[in-house]
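Visitor: This is what each chain is made of:
Number of protein chains: 2
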Amino acid sequence: MSASELIDFSKLCIHTITTKPWDVETAIEKYANAGIGGITVWRQWLEGRDIEKIGNSIREHNLSLVSLCRGGFFPAADQQGVDAAIEDNRLAIREAAALGAPMIVLVCGAVPGQPLTKSRKQITDGIAAVLPLAEELGIKLAIEPLHPVYADDRSAINTMAQANAVCDELDHDLVGIAADVYHIWWDPDLEEQIRITGEKNRLFAFHICDWMTPTSDLLNDRGLMGEGCIDIKGIRKMVEATGFAGFNEVEVFSNRWWSQDQDEFLAAIKKAYLENS
Amino acid sequence: MSASELIDFSKLCIHTITTKPWDVETAIEKYANAGIGGITVWRQWLEGRDIEKIGNSIREHNLSLVSLCRGGFFPAADQQGVDAAIEDNRLAIREAAALGAPMIVLVCGAVPGQPLTKSRKQITDGIAAVLPLAEELGIKLAIEPLHPVYADDRSAINTMAQANAVCDELDHDLVGIAADVYHIWWDPDLEEQIRITGEKNRLFAFHICDWMTPTSDLLNDRGLMGEGCIDIKGIRKMVEATGFAGFNEVEVFSNRWWSQDQDEFLAAIKKAYLENS
Chain A
4 MSASELIDFS
14 KLCIHTITTK
24 PWDVETAIEK
34 YANAGIGGIT
44 VWRQWLEGRD
54 IEKIGNSIRE
64 HNLSLVSLCR
74 GGFFPAADQQ
84 GVDAAIEDNR
94 LAIREAAALG
104 APMIVLVCGA
114 VPGQPLTKSR
124 KQITDGIAAV
134 LPLAEELGIK
144 LAIEPLHPVY
154 ADDRSAINTM
164 AQANAVCDEL
174 DHDLVGIAAD
184 VYHIWWDPDL
194 EEQIRITGEK
204 NRLFAFHICD
214 WMTPTSDLLN
224 DRGLMGEGCI
234 DIKGIRKMVE
244 ATGFAGFNEV
254 EVFSNRWWSQ
264 DQDEFLAAIK
274 KAYLENS
Chain B
4 MSASELIDFS
14 KLCIHTITTK
24 PWDVETAIEK
34 YANAGIGGIT
44 VWRQWLEGRD
54 IEKIGNSIRE
64 HNLSLVSLCR
74 GGFFPAADQQ
84 GVDAAIEDNR
94 LAIREAAALG
104 APMIVLVCGA
114 VPGQPLTKSR
124 KQITDGIAAV
134 LPLAEELGIK
144 LAIEPLHPVY
154 ADDRSAINTM
164 AQANAVCDEL
174 DHDLVGIAAD
184 VYHIWWDPDL
194 EEQIRITGEK
204 NRLFAFHICD
214 WMTPTSDLLN
224 DRGLMGEGCI
234 DIKGIRKMVE
244 ATGFAGFNEV
254 EVFSNRWWSQ
264 DQDEFLAAIK
274 KAYLENS
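From first to last, the protein sequence lines are chains A and B. The opening position of the first sequence corresponds to residue 4 in the numbering used here, with each subsequent residue numbered one higher. The opening position of the second sequence corresponds to residue 4 in the numbering used here, with each subsequent residue numbered one higher.
Don't read these hints as lab results, they were simulated from the structure. It is possible that some hints are incorrect.
Since the list gives no way to pick out one identical chain from another, each pair is judged satisfied if it fits inside one copy or across any two copies.
Calculated pairs, DSBU-like style, for lysine-lysine (alpha carbon to alpha carbon, straight line, at most 30 angstroms) [what the hints assert, rightly or not]: (1) K124 to K240; (2) K121 to K240; (3) K274 to K240.
Given these sequences and hints, build the entire structure.
Guide: The following block contains the structure:
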């Protein structure tokens, strides 16, 4: 079986952070005019905005609202920090509901020097604590395993197996996984873990971009699809083999691309999507 | 069981690259005068030198010669590259023998865009190809699993389990593992894989340094022990629980430390070794 052929932009979703220089109103208009199918909104793009109005605008532009990015960062060194993280995640769930987004992506968090096992426990407990509100408002929570380069301060969930373990423990229809090729391309058990994720109906999202060689910045030197070493098509094939029919979400943090003309960048995204995804 | 207490420098080894501004003659003299127990020599430090003479000098200074760094980089896009890598590793084995080093550390290699499984096969085959010479000269080959941040172009062996799998396949007394805390601190199965490595008598080396938060350079921003987030003592405890009684090798690549007075840095290494390792 091969990956489906991408011939239009109906399954292409773009994260607002990908075109960072554009505010949310500009992004909505530009994406819609370009015929993009979906949008994932980052919370910073909602600051100072009427969230319901932004949601309505997205729907009026016929863009699918794929998710709100991001919740998480549950681990903390003290109880006050743990409580604050839970409150912030409840706020994110309310924002998602107000926006009309069906899902929040969770960058789970880590505390430098704190054992990863302890952080994982705080992550599991934190998700459990916000689940009642997620249930009430019908918001899915997608755990995004992060590349181990971020194990110090961004996430103690660094493999698909670890993400699946948290999902197993919570065992809830609203808790699943966001699989991002940047984070998982090297995963020691990639194909099998994607299969399991699909089998358990918890493959909630699929993010694409590329890994640059060399990488000049640990956070903001992601590549556009085709610029790096990731076999995106191969991973998409594994994802589609599970029955996944959701969006291919382009999430590129790149100082290089952000410094360029964003209309040209959007055209480059569309080209890279068809040719290298 | 707790880790042994470090009360002197008899089990402290320093890699010549750690004090990069010093040539090999200076490093030998400085380490010996500082009462350091061992030295690991990087191949670049031998360029233009009489290798046997350097080995003799190390022994005359009562330094233990722990290993020669480094062989590896077996994967290549074509057969010519594969053959060249094997020849270079044979040269490294001969250099180790001439120096009087019992072991070579292998940074196994990867080719951007080439499937990691293919690179792993080339690594296994490459080690097998040089094993006869290693046997003849009695040189151990230590596979160093590298952090997945280097999976694009430095190593397709990114976990202790993957290193153990290659060792299992080759099943040879001279093939083992160099465990470096920088690369393995996040490993999803760390304690169990270290236990297995010891049980199979293949834990050949233990490297220490620290992981900085934030990390400003992917290669050359390692921390001195205690500057970062790694539980070095906890990992040393796992290593010693296997019966490992070798050196704690300080391998710090740091533009920051290299730019400072190296005598002061050496004093800082000794202090960090006793207090934070």
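Visitor: Taking the earlier hints as the rules, which of them does this structure contradict?
Guide: none
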